[in-house]
Amino acid sequence: MRPVSYSRVADVATAIGTVTADPGSTFLAGGTNEVDLQRIHVARSRRLVDINDLPLRQIEELPGGGVRIGAVARMSDVAQALPVRRRFPVISQALLLGASPQLRNMASIGGNMMQRTRCGYFRDVAAACNKREPGTGCSALTGVNRGHAVLGTSEHCIATHPADLAVALVALDAVVLTQGPAGHRQILADDFFLLPGDTPDREHAISHGELVVAVEVPPLPMASTSIYLKVRDRESYEFALASAAVAVAIDAGVVTDVRLALGGLATKPWRARQAESVLVGAPATIESFRAAADAELAGAVPHGMNAYKIELGRRTIVRALSTVTGDARMVSDDGNPP
Amino acid sequence: MSPVLGAALDRVDGRAKVTGAARYSGELNLPNLAHAVLVGARVPSGRIIGIDCRQASVADGVHTVLTHLDLPRVAAQPKLFPSLAGLTAHGQSFFPMQDDVVHYAGQPIAVVVADTVERAEYAGSLVQVNYAETPSATLLDQVRDQAYEPQRIFGGLVPGRNPDRGDPESGLRDAELTLDLTYRFAANHQNPLEMSTTTAVWDDLDRLTLYDSTQGPTATQLSVAELLGLPPTRIRVVSHFVGGSFGAKALIWPHVTLTALAARQVGRPVRLTLSRDQMFHSCGHREEQEQRIRLGADRNGRLAALTHDKISLTSHFDDWAETSLESPAITYAAPNYAGGYRLARGNTITPTFTRGPGEATGMFALESAMDELAHTIGIDPVELRLRNHADVDPDTGKPWSSKGLRECYQRGAELFGWAGRDPAPGTRWEGRWQIGTGMATAAYPVAAPISPQRARARMYIDGSVVVEAGISEFGTGALTAMTQVAADGLGLPVDRVRFVGGTTDLPNVAAAVGSAGSGATSSPVHLACTQLRDQLVRQAVADQHSPLHGADPAAVVVRDGRMCLRDRPEVGETYAELLGRNHIPDVETVGTWMPVLAPMTDYAMHTFGAQFAEVAVDADLGLVRVRRLVGVFAPGRILNRKTAHSQLMGGMLWGLSQALLEATRMDPNTGRWANASLADYLVPVNADVPEITIDTIEVPDPVVNPLGVKGVGEIGIVGTSAAIANAVHHATGRRIRHLPITVEDLL
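One line per chain: the protein sequences are D and Y, in this order.
For what it's worth, the working numbering labels the leading residue of the first sequence as 426, then goes sequentially.
For what it's worth, the working numbering labels the leading residue of the second sequence as 37, then goes sequentially.
Calculated from the structure, these hints are not laboratory results.
Among these hints, one or two may not hold up.
Stated by the list, open to error - Output of the computed footprint for chain D on chain Y, the stretches with three or more beta carbons under 8 Å from beta carbons of chain D:
#1 152-160
#2 356-365
#3 657-668
#4 693-703
Claimed, not checked - Calculated from the model, a selection of chain Y residues having no Cβ within reach of chain D, i.e. all distances over 10 Å:
#5 Gly50
#6 Arg78
#7 Asp135
#8 Arg243
#9 Ile415
#10 Arg457
#11 Ile497
#12 Val626
#13 Ala715
#14 Leu718
#15 Pro720
#16 Val721
#17 Ala723
#18 Asp731
#19 Arg770
#20 Leu783
Stated by the list, open to error - Sample of chain Y residues at the chain D side, in silico, Cβ under 7 Å:
#21 Thr706
#22 Asp724
#23 Pro726
From the three backbone atoms N, C-alpha and C, an ideal C-beta is built for every residue, glycine too.
So here's chain Y without its partners, still in its complex pose:
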């Protein structure tokens, strides 16, 4: 590999973003553009018995007001399916405005189209709706007694119970020591800076172009095609820049198709941008949930049994739970294990992905319980985890494709200064502040799409290259990292390579979700570029006018765009010389990667890390301030040190936020979120952000994909909240078993 891979290259789109040259989906100027605004249901449950649009329809600038009475029916009943599969990716198995039933507050009940956003908003406020309300349930506690065990969750991809290991109940019964702990989690919302926005443009041939803020352009294309009853060939999706997503744009929600339907109705391009308030009601959320952990261990801390049960609120349409049990099930070598999900139905949109989906809550529960175990038996929390280290996957007995967790503990402890920690809680004071430290393990599955992933590389006669794959850039740095992968594969300097994504015209890559984006895109990019390189080398050695004529292709290397003999670098020529001499305008290859899925391999694939936190608690006023965070992760190969560290840091800040700030609070009387704004839903500001130290352990992984990339999008958040809560206990002696931890918990 050349040094370009992993280098801290500045973002290739950085200048365009900071100067405003980068255009987001809601910023495109189109002739005759009209603006749509959704009107959401104000009640969580009932029927619309009257909807009066007369005032709204005659308001200034209004083109149309659509309701369930006149909106064309969609061609198919959508079915929830995670976008990683690469197929249709509806966020829920329900499409609104098909009848008069209201299932959740904020459910779209009308679409107003006008010549300006302001006029559309105003007309929306004039739509008069009469509801026949029916009783609703919007909190877990209201329907807990009606909970059921789902056969499968997560669009049918995950069983409702994990397979048992051993005999967990007798494991618990026979253990020298047991803990039985319950953890509660507030609902969370993703809150990307850019609100979801779609612009729909129909042409004269009934073809549709959608400018959509999405994590997966193809997911948008296929999902909208299904609902409109159109072949995907008639729908083109463009999504060059997306202003963050964190799961809000991972699946395709109704507003996208509603925009297309509205545009067809008014016969002009239509843009719809959700308001911040609507973002809380329109693209899912991390569900309110409770998790129970039972641990059985011996006096030395060796786990004999672990059970992990989750109960959470889902919608009336889908058996959705974020998959909180996967990593906790395999993090430690507990011989006996059981885990399962229970769901209760409420008047909510179907919950969905939120950063660190599943593991951010599941590992909080496990790692908080492990800290209690360490404290109970009086051994160091790091030592407890080392004693239970899973040398192989405890579920399957397979070896890990790569791990690096021991190294993460060791390096993290060094960077943090963990050694010599006094374990006694509530004994360190600095003025009014009580100081505490805590740690936790981070774990996240290595996911991959289930379909082939493709990329195309085309070299022009001057030796410059454009590489293409249909990904969107939603802030991760993918365009930059893929430029590096391409330059590495071709032996070119990065400024000779342009990586292009953002439309469904390009070779298809699945939506970048679940930390799978870097692996899913780098693999076909690498294959396309190395195939192109090899093809040109073969052509050179076959060309009697080439200095490389007759050489063994295996003896040829490429550096800075020049093919030469490895042992005699003075013998060679550039790509441009070869192409120019032969009058070849361009050469093109398509790389296709068939992802490696767990059942197909003899290896278990997972990403690990270690988190350390220091907090200061002013228990007199109930304040917790995080002073230091250290995270060390083993995410396989790093494609760009700078963007990878940014991703990991962002994840850790999400963990801090989950620990101390984030909660969407449901008012069961109104059935609506009571703090649906960025003033009331708190995320950290710069003043909350402490010193953050990040390091990575680069573990070679020959299994997961060609470059050994395991992803950095999610692992950073996992474990941070547990490390902080454990530090709060160390500071104060108080165990808080719910998130977020706020002032009233510590007074």
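So here's chain D without its partners, still in its complex pose:
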């Protein structure tokens, strides 16, 4: 591990001031990703400013039906919080399907928003990686890319965003509240995460020294029956091959509103707007779900080993929609598929 200095701060202003003063510094919350990356020399901060003592642990109900989650609230606490479970089960499910109990007890919500890709080439300092070292190239394009993204990719980077929670937040139009040297900002979750484009090293729409202080989820009544579906090789403790966060409102068999976001498939938590626009006003049937899935994946780009993800993504969308709408036609009366 590189030599690193460490300090603990007790208030937000000091935290921001300390990090801003040193371009080689960074905030440290649960450390489940940051310390790992420091140890393998991918993260190269020389100063870690520990923000675990900041008064940012609250999980509060907001008037009107929203929720505000402090940045250093632990994943496990948020997953169990009653307002979250009641109003936004998709958040609770996404959290509980992520990481392991030990990691969830350490990892913070703000840190979760900042977690880095699991791309093996990003994590291997001997490999070319535009995200880690701009201009060196992307080893994943022709390498072992079974887990890589098919949506939102560029010729410079196809690294998958690893999030579960952020997929739910993007679906729910959550807002990331930040505080920095230039003051307070509110950033829509979908805008908080950046596409790789020509600058895959830039992943978040915030600058050095700007601290995530909270996430606010606005009211959304139909989210009370929302779900998170995660497809992966093993039952637990693995990042998604494909996932979907979905909330739907149906009136008289017709979709009146829908929120759909995808994980495991894209370079950022992926709001499935194409699918949403196909679905709104369409009958809540398997045919509509398939049409929506086809529309969303129409622009997907495979790179060798990850080609299966396009079909898997379609089916994950269809399964999530049919599950959340309780569509019984996926299985006929005799137990066989139609």
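Using the hints, position chain Y against chain D.
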């Protein structure tokens, strides 16, 4: 035999392990300890044209940085040899840092020694290396056309072709029905929880103590002695507890000797612990491979011919293939048989043992093909195997020393509820899940060391006993089982016996590998303890002050430490009374067992079992979940029911993992493993583990060794993956002929 043998005794070291009192090799606190870190080559092939250690050498806390330019040369060229032989046991016929050539990625090119691990790691990252890269090959497909037939494989112990039986080609030609199937296997790594670690301590008399995580302390001693040019008398190896191995620590790899060389260089104790990433590059792996099976059979399913050919990737130094053909060759009574290995060289460390070495892949191929045969001719898979049951060894015609396979099929089928199975694939649904069942035969050779095995038993004046043999405890439960063997042999309660292993100071037993550990250790322990018992009985009957004076020794039995007449148990005395009265402080015997090897006997020796699996497949999302596993095995005598079942269960979980999860993926562009971490190399978590039922058929075996122990370490994994793949076919109608079976195969 007393009831202590086979009893489900709790682990004698269980409390020490769960409280942390058990010290592993990487946990010992030594004064002045320094820490070494390896720097591995980043390219798979080429030359080092420049290596700049200036920054690293002046980093905080650094004692030294060693490269091929300044590391002392080793005294001998190592030669790969399996550790079961009990001799030197180098993992490969190559030692790094002797010149500037890079043969494989991760090959050690520098050793950094510093006062803390963190500082050594950091200094390691500062070593600047320039390579002149040369073209590399790291995948089988890149060098398949250069494959050759090796004369011998496996350190020269196994011929490159099995001897033919009959005339396989005409057997196939004349068969009513033939199948020709090819199976592919991803490379696998062993991934023990404890990463390999060595601590080297030189004393003032140039004697070396190595605290090493090893399956065989003597293997470490002899191998390091050869490379350092020292007599073994100057090297002592200590290895009390090892945190799992699964083959990673079965042979001795370069980092062990590098640690000793580094410690000599800096003049203080040095510890080296491989990182998890380095574990993927430093102690071998199960090689990427392909196996082709051809079956010829009649309409009733009777096998006329079987051929089995394997092609796999090996290193530039060694003709290594895990021995995948041995059990498949003798599992069924096919009159015509041929099988052989082909190898292709690549830029890799020499592959090595991984749990169920050879048979885990070989039996997957055979048992998948047998399932296809059963399906093709429309007979029950169990019935097909019974029709081809090998009543004698089909290779030699010798009778089995013990078998029990028919009983395993029968008991397994009962426990699983196999009877009445609808053979039609793809017809059972539960909601979105398709349900299927499958089975397979398990088989594993009974291996034994080729050298004498020794143990010592010493009784003290109070009648307590210490029994010693130089084994390491790497999670198998050996300390517990050997305590039971000793207590049984002496007629003592287990709490009067302490079994000690873990150093080369003790009588020598070969490395516990290939399921041979229980047989190789229990035999001399049993002999030492029964000899000690008999010696004390003879002494009692010769002692005129003993109540047993003048009795026939054959009429004396020992129970709870008391020698007495079998027919008049009230006449007798305890060991302690005999020793105390005669002022004998202790009595000691050494038991020596010369292993029984196949060519020396009139019997064939093999272990068998039967595996059954039920899976649920969500083919829409490509998911396979194993719902139930049943395994019934006939591993001879069980020494401890609890630890044996744990071993078998662990093996079956390995099989599940091989079937559905485990693959080390090579990137041919970088020449490095692309998923060298436990986040990316998947093994099952608790949520993946289904209900597992295990039973054993205890078949008496008077041939293999004194207690009839055939071993439980490997047989549990064999066949599990085939049973699961066969169940996937039954569920979905789809044949997947490679491992692992993953989401993309079933979409």
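So is Ala723 of chain Y really clear of chain D, every C-beta pair being over 10 Å apart? violated (4 Å)
Does Asp724 of chain Y meet its interface restraint, that is, does its C-beta lie within less than 7 Å of any C-beta in chain D? Holds, about 5 Å.
In terms of beta carbon proximity below 8 Å, does the stretch 693-703 of chain Y have 3 or more residues touching chain D? Holds: 5 residues of the stretch 693-703 of chain Y have a Cβ under 8 Å from chain D.
Distal placement of Asp135 of chain Y relative to chain D, Cβ over 10 Å: Check passes; 22 Å lies beyond 10 Å.
Chain D versus Arg770 of chain Y - minimum CB to CB distance exceeding 10 Å, so not interface: holds (15 Å)
Mind verifying the non-interface call on Gly50 of chain Y? Its CB should be farther than 10 Å from each CB in chain D. holds (23 Å)
Should the label of Val626 of chain Y as a non-interface residue stand, given a Cβ cut-off of 10 Å to chain D? Since the minimum Cβ distance to chain D is about 48 Å, Val626 of chain Y lies beyond 10 Å and the statement holds.
Go check the stretch 356-365 of chain Y versus chain D for me, would you? Three or more residues, Cβ under 8 Å, otherwise it fails. As far as the stretch 356-365 of chain Y goes, the hint is violated, because 0 residues have Cβ atoms under 8 Å from chain D.
10 Å cut-off, C-beta based - Val721 of chain Y kept clear of every residue in chain D: violated (5 Å)
For Asp731 of chain Y, is the shortest beta carbon distance to chain D beyond 10 Å? Since the minimum Cβ distance to chain D is about 26 Å, Asp731 of chain Y lies beyond 10 Å and the statement holds.
So Ile497 of chain Y supposedly isn't at the interface. Is its beta-carbon more than 10 Å from every beta-carbon in chain D? With a cut-off of 10 Å, Ile497 of chain Y remains clear of chain D, as the shortest Cβ separation is near 51 Å.
Measuring from the C-beta of Pro726 of chain Y to each C-beta in chain D, is the shortest one below 7 Å? Since chain D brings no Cβ nearer than about 11 Å to Pro726 of chain Y, farther than 7 Å, the hint is violated.
Consistency note: the structure conflicts with the earlier hints numbered 2, 6, 13, 14, 15, 16, 17, 20 and 23.
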